[in-house]
Amino acid sequence: MAAVTTTTSTTLRPVRRRFPFGRAAAWTVMGLIVLITLLPFYWILRTALSTNAGLNADPTNPLPVDLTTSGFERALGMQSAEEAVKQGGAGGGLDFWRYLLNSVLVSTLITGCQLFFSAMAAYAFSRLRWRGRDKVFGLFLAGMMVPTIFTLLPNFVLIKQLHLVDSLLGIALPTMFMTPFAVFFLRQFFMNIPQEVEEAALLDGAGKIKIFFRVVLPMASTPIVTLGVLTYITSWNDYFWPLMVSYSDSSRVLTVALAIFRAQTPATGVDWSGLMAATLIAALPMLVLFACFARRIVSSIGFTGIK
Amino acid sequence: MTIASSSPPSRLPVGGAAEAHSKPRTRRTETGENRGDGRLAALFIAPALLGFVVFLLWPTLRGIYLSFTRFNLLTPAEWVGLDNYVRMVNDPIFWDSLTVTVEYVVINIGVQTVAALAIAVLLQRLTQSAMLRGIVLTPYLMSNVVAGLVWLWILDTQLGIGNEIISAVGVERIPFLADETWAIPTIALINVWRHVGYTALLLFAGLQAIPGDMYEAARVDGASEWRMFWRITMPLLRPVLAVVLIMTVIGSFQVFDTVAVTTAGGPANATNVLQYYIYGSAFGRFQFGYASAMSVALLVVLSAITVLQYRLTRAGRTDLG
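If you read the sequences in order, they're chains F and U.
To convert, count from 1 in the first sequence and add 7; that's our numbering.
To convert, count from 1 in the second sequence and add 6; that's our numbering.
Hints were generated in silico from the structure; no laboratory data involved.
Virtual Cβ for every residue (Gly too), placed ideally from N, Cα, C.
Please note: incorrect hints may appear among the correct ones.
Short derived list, chain F residues pointing at chain U, Cβ under 8 Å [to be verified]:
#, residue
1, Leu45
2, Thr67
3, Thr158
4, Pro161
5, Asn162
6, Asn244
7, Trp279
8, Leu282
9, Ala290
Throw the hints in and build the complete structure from the sequences for me.
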């Protein structure tokens, strides 16, 4: 194509090209995306540090209006009911320390147990030989097809029959033992551990159990940690299941508490300052967790995609 | 260690039985390749299998069974045959909520897929910055509840910054979540905000598999970015895109959290999505049988969509050769 050659030579190695409109436009779009992604987070902080009166008077101020920590005090139950009402709160006793602790307990229980049991199963599916292995694994894979939401109602009936409604254990139990995805995910990594490593350990007289703890788990520590962080975030953010199971403060987790906080405030004159403070309390731990593991998580999203 | 070494090859080899029989069994030199690990495997698989049977397999079967019963949690379930399904087919609210859900899914998936694709391509062609990928993922770390509440505040008719900006531009304030026509698109977009980064990173991972020299070759031929996108990126990304679509559509159909905290199904059932209706039937009206029947219907719809999408998009087959 003779006609194209001229343009080709210019695009190939632009010595000094005209202003790259395409690239500039692309960066502008990228900038906008970052802005839309991050601005809500700033807005939570700005609102949480404002007074409700200030928010009413000056809704467009980009900075906190009448800088105060009153919203946080209200969310954490550090304000008397009287004071809370005066500040535009509902005055209902909400203690986010409690819910924070509950969320930590539930997420830790789920993540710890689920990882360990799933790793054990993945080991059996990848490095042990036994009759029916592929059939059982196929069953686990089929389990991935059932949407979690379908099992919630019957699981609630079961948890009720076990008299575990309104307990932290009741919230944790259904996902404590495994998810088909976790087993599948870890099996992929265990299968990639070279046979020679295991053989060497066997020759040294190590048993299969010792190999699991001393060889397989350490060698797969990176995917295990990644999966752990993702599982922690998922359990922390879960709302539907805890909503079904928990009725009182004793088992209330942050997501459920937030929704109650929102429902308590009157439709007119919502306690936005307190609500955003509570939202920040619920969100911050995950942001910190992510900040610590961001690189690892970001680069492994491709693998975890099947979730 | 003790358990393992006390269960030497003396046991019947179960796994690769035939193979093991034909070979002389020596103690450790065979490195366990041919030994069956039956009892040990049972130990390792037990907790996960227990969880699988009790909290996944059994509930699935029970959910299907309950859909044929009348059940209010207090008295034992009573078999009623197809009553729940007959009722469902004749229930206008069910059909309304199915329509609302489909409307939500179409907007949610439509916008999200296009946006995620754009972000993924920008991340691939413009910059490989891991930091940007991290930023794009941050909303995904929030719960749906948090995302719902933040946008509820931003879009508040009276005080929300979103509406302040709209009125500053001179347009009338929009009651985003309190208006029958706006509520579903608004909820759909809130969830796009939360999920688009995750979807983009999935697609980005797919893009990484496309050899860079294809773009180089195209550039030498004088192809524009636009042309490269349609001629290289899209055809080669198709299998990944198909899988991602199936995943996100299934997730999208299960929308509940955002509706529960922002509109509670209103105004006038305008956001009464299927999962919200199911929840209300079970926990508001204690009709667990009817709720189960609708769950089964949702399950069937999702399975059908998966199969259909898999067929249509020929997922799993790649053009990469």
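Residue hint Thr158/F, partner chain U, criterion CB-CB below 8 Å: 4 Å, holds
Per-residue hint verdict: Trp279/F, partner chain U, C-beta under 8 Å: Given a least distance of 6 Å, the restraint on Trp279/F holds.
Is the shortest C-beta separation between Ala290/F and chain U less than 8 Å? 5 Å, holds
Hint validation: Pro161/F versus chain U, beta carbon distance must be below 8 Å. Holds or violated? 4 Å, holds
Interface hint compliance - Asn244/F to chain U, C-beta minimum distance less than 8 Å: Holds, because the Cβ-Cβ distance from Asn244/F to chain U comes to roughly 4 Å (cut-off 8 Å).
Status of the hint placing Asn162/F at chain U (closest C-beta pair under 8 Å): 5 Å, holds
Proposed interface contact between Leu45/F and chain U, which counts if any beta carbon pair is under 8 Å: The hint holds - Leu45/F has a Cβ within 8 Å of chain U, the shortest such distance being about 7 Å.
With a cut-off of 8 Å, does the beta carbon of Leu282/F approach a beta carbon of chain U closely enough for the hint to hold? 6 Å, holds
Does the closest beta carbon of chain U sit nearer than 8 Å to the beta carbon of Thr67/F? 5 Å, holds
Taken one by one, the earlier hints all hold for this structure without exception.
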